[in-house]
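Q: Sequence:
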Amino acid sequence: MITERSSLQPALGNKSAKLEERLATGVRMRSWGQDQPCLFCGERDEARDHLFFACPYTYTLWSSMARGLLGNNATPDWSDTLQFIMSHVSGTMDSILLRLLFQTVVYYIWRERNARRHRRSWVSVHQLGRTVDKAMRNRISSLHYTMPHKLEGLLRRWFEKGQTP
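Numbering (this note's numbering), first residue to last: 30 to 194.
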């Protein structure tokens, strides 16, 4: 994980951290003798790089949610996305929002993937985007500071920059 030195510890961790492929994606499941295509688009290889964000469903979610923060820098490439997020100026409200959004989108994509796999239920990109937006607003509004703090206007900034598909 790459961490911010603030009460927003979740997002990405430190720059030297390695994000390994530990998720039980289709590639790993195939090594166990089970075929697992992408549950969003049907692609044969459900690899981490495909799920985040080469898949049309997940890229639509990520690029539309991050448009206000990324501008034209949204890419379906996992490595390029991580590189951009890690090199983005640390400590600014936009970089904190971007890291928090990245973490939230990855979490909800994985959660939706598991719902499709285990419960055979699904939601549209728009519905998932609304869920991510609500999670972002809830997380930001749960932050409380005893004195003026650099993140005091974070929720207002999310309303300015955050978008749903």
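Take the hints with a grain of salt, since some may be wrong.
Restraint-style ranges between C-beta atoms, simulated for each label pair [as the list claims (entries may be wrong)]:
| hint | residue 1 | residue 2 | range |
| --- | --- | --- | --- |
| 1 | Ser60 | Glu189 | 14 to 24 Å |
| 2 | Gly71 | Gly120 | 35 to 45 Å |
| 3 | Gln192 | Arg140 | 15 to 25 Å |
| 4 | Trp61 | Glu181 | 42 to 52 Å |
Hint data in this document are derived by calculation from the structure and do not stem from the laboratory. Here a beta-carbon is modelled for each residue, glycine too, at the ideal position from N, C-alpha and C.
Q: Looking at the structure, which of the earlier hints fail to hold?
A: 1
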